[in-house]
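2 protein chains.
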Amino acid sequence: MSLDSPTVKPHDRLAAALAEDMAAVNTLIRESMASKHAPRIPQVTAHLVEAGGKRLRPMLTLASARLCGYDGPYHVHLAAAVEFIHTATLLHDDVVDESRQRRGRPTANLLWDNKSSVLVGDYLFARSFQLMVEAKSIRVLDILANAAATIAEGEVLQLMASQSLATDEPVYFQIIRGKTAALFSAATEVGAVLAGRPEEEIRALFDYGDALGVSFQIVDDLLDYWGTDATGKNVGDDFRERKMTLPVIKAVAAGDQTERAFWARVIEKGDQRDGDLEHALELLNAHGALEQTRTDALAWAGKAKDALAVMPRSDMRDMLADLADYVVARVN
Amino acid sequence: MSLDSPTVKPHDRLAAALAEDMAAVNTLIRESMASKHAPRIPQVTAHLVEAGGKRLRPMLTLASARLCGYDGPYHVHLAAAVEFIHTATLLHDDVVDESRQRRGRPTANLLWDNKSSVLVGDYLFARSFQLMVEAKSIRVLDILANAAATIAEGEVLQLMASQSLATDEPVYFQIIRGKTAALFSAATEVGAVLAGRPEEEIRALFDYGDALGVSFQIVDDLLDYWGTDATGKNVGDDFRERKMTLPVIKAVAAGDQTERAFWARVIEKGDQRDGDLEHALELLNAHGALEQTRTDALAWAGKAKDALAVMPRSDMRDMLADLADYVVARVN
Numbered sequence: 089m090s091l092d093s094p095t096v097k098p099h100d101r102l103a104a105a106l107a108e109d110m111a112a113v114n115t116l117i118r119e120s121m122a123s124k125h126a127p128r129i130p131q132v133t134a135h136l137v138e139a140g141g142k143r144l145r146p147m148l149t150l151a152s153a154r155l156c157g158y159d160g161p162y163h164v165h166l167a168a169a170v171e172f173i174h175t176a177t178l179l180h181d182d183v184v185d186e187s188r189q190r191r192g193r194p195t196a197n198l199l200w201d202n203k204s205s206v207l208v209g210d211y212l213f214a215r216s217f218q219l220m221v222e223a224k225s226i227r228v229l230d231i232l233a234n235a236a237a238t239i240a241e242g243e244v245l246q247l248m249a250s251q252s253l254a255t256d257e258p259v260y261f262q263i264i265r266g267k268t269a270a271l272f273s274a275a276t277e278v279g280a281v282l283a284g285r286p287e288e289e290i291r292a293l294f295d296y297g298d299a300l301g302v303s304f305q306i307v308d309d310l311l312d313y314w315g316t317d318a319t320g321k322n323v324g325d326d327f328r329e330r331k332m333t334l335p336v337i338k339a340v341a342a343g344d345q346t347e348r349a350f351w352a353r354v355i356e357k358g359d360q361r362d363g364d365l366e367h368a369l370e371l372l373n374a375h376g377a378l379e380q381t382r383t384d385a386l387a388w389a390g391k392a393k394d395a396l397a398v399m400p401r402s403d404m405r406d407m408l409a410d411l412a413d414y415v416v417a418r419v420n
Numbered sequence: 089m090s091l092d093s094p095t096v097k098p099h100d101r102l103a104a105a106l107a108e109d110m111a112a113v114n115t116l117i118r119e120s121m122a123s124k125h126a127p128r129i130p131q132v133t134a135h136l137v138e139a140g141g142k143r144l145r146p147m148l149t150l151a152s153a154r155l156c157g158y159d160g161p162y163h164v165h166l167a168a169a170v171e172f173i174h175t176a177t178l179l180h181d182d183v184v185d186e187s188r189q190r191r192g193r194p195t196a197n198l199l200w201d202n203k204s205s206v207l208v209g210d211y212l213f214a215r216s217f218q219l220m221v222e223a224k225s226i227r228v229l230d231i232l233a234n235a236a237a238t239i240a241e242g243e244v245l246q247l248m249a250s251q252s253l254a255t256d257e258p259v260y261f262q263i264i265r266g267k268t269a270a271l272f273s274a275a276t277e278v279g280a281v282l283a284g285r286p287e288e289e290i291r292a293l294f295d296y297g298d299a300l301g302v303s304f305q306i307v308d309d310l311l312d313y314w315g316t317d318a319t320g321k322n323v324g325d326d327f328r329e330r331k332m333t334l335p336v337i338k339a340v341a342a343g344d345q346t347e348r349a350f351w352a353r354v355i356e357k358g359d360q361r362d363g364d365l366e367h368a369l370e371l372l373n374a375h376g377a378l379e380q381t382r383t384d385a386l387a388w389a390g391k392a393k394d395a396l397a398v399m400p401r402s403d404m405r406d407m408l409a410d411l412a413d414y415v416v417a418r419v420n
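Protein chains in written order, with this note's numbering: chain Z, 89 to 420; chain A, 89 to 420.
By construction, these hints were calculated from the structure, which means they are not laboratory data. Check each hint, because a few of them may be wrong.
Identical chains blur together in the list; that is why a pair holds if it fits in one copy or across any two.
What the hints assert, rightly or not - Within a straight-line C-alpha distance of at most 30 angstroms, the following computed DSSO-like cross-link-like pairs (lysine-lysine) qualify:
id : residue 1 : residue 2
1  : K357      : K97
2  : K331      : K203
3  : K331      : K224
4  : K97       : K391
5  : K142      : K203
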């Protein structure tokens, strides 16, 4: 089967096109997570980094740099830095959410302890910072420092907004821009900055990453109510964790007083009983909340593709556009 | 009482000499911890930042920049960045140690929760990174990124080395260089780098901060067995937490088989009974472990003062030398 066959997933086509760079990223990641003195660090890191994640974020940096014609070595450092920020965030998220499973395996906080997850996460943040400094670009550092602050602010905001029916769409978008889109947009923007492209193209690659990240997170939140075993998501996880995601926000906004009382009981009070998830799904369907959420996800994927219009045509541009379609294909 | 009177503490003399700069640092800290969207962030941060800490680390950056004749604005940003790294570390430390009190007040993890401490700590790390980027110096960023990685590595190392009698003096020094000296030395080094001083002086200010930090931590660990109410330390906290600090390492190394069995029971097994702390103190005294630890602390304070010799004479240099004496005065 040829790699440009439409039956090959865009993610796999990108991975094949970037295979050499990605091998360099993986080598740099392995070198950077080594610690002569504290073997716990590479143990915990490897557990996550080598768990077969899709490496989507570092791939975005590599793809953006390639699309922009960058021919230096530092897109590899920035891609590794982006993956380390992501890994550090996952380690801390699993502590905060008291998660027991990630990617089908026990979490680090379960295998070791919360302490190791907190401190190894801090180490990876610091390491990512060292990797970024290698590129010796103040503008790149500024972008990634801002992204790191937006991510952390989004996480705190999510902590405060969950379990509250007052959480509306603007707050939801602030949260997902923080927890997901900020790193996507920084990952693509720095590729264009490294390559010294004009402001219009830097902005376009920021917009692409931002819209792709928003779309990605909306789909993820939708699948939590719409998923099947094939998507690898368990229906109802977010419901049980009382998270105010887009489908619920839409259903709450459209609901009458009786429905509001139901949501207040299950989300705000956390008093969940047999049949509640099924009733929630009925309400989501009755108000078209899942369908509207799906429409929003498709619109954001469309924005991501539109943003690429100012970039010169190339195979890489087509692959990034296809990637936006692919992100929403799970709900299409 | 005049400020140069010998009865005024060196720390207070420094604070008076740097009052204007420190006011600018405090303003920048307040501005930087604001978050429009997530009020939990300034609440948690203010709880620590405004708890009346000594601001020793940012003061070192300001003093070093002043000593080096720096006349730009960015020592203020770097001092605030250093304080944020320190505050973030305290937030995460209290989660890892499950602490309930700091500086005589309930910890953030107790007042709010572990989640807030982890995520607000991450936010402050990111903010400190943004503040550093303002100075637009790759070398400064390199120094602070390396310090951040050394701190995190030291914390992980401490996690693994505590409760193990195999922890020896070299491991102890690696740990305290990470948890304490790395930020002290980075704080002083960046002042000299900002001012564009010759390599010899940059190295001297690094060495001063490093030796001051090592001395500071040894004194802190000594006071945990030697302290009185006047020093604000509770004798035996480290013993109860089964930490392998310098006094214990020295006593274990000098002990016979019976004593080793005692240490194995209280430190490794954590089986502590009435009278164990008193017996530990007897062993520490019998082997001169406290006295030797005190001698080490004084020697490191001496190294800190010696490092300043290459700097031109000035009031600021004298104040930094006096500060080294002051750090060990608690055990002198």
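- Message: I'd like to know which numbered hints this structure contradicts. Please list them from smallest to largest.
- Response: Failing hints, ascending: 1 and 3.
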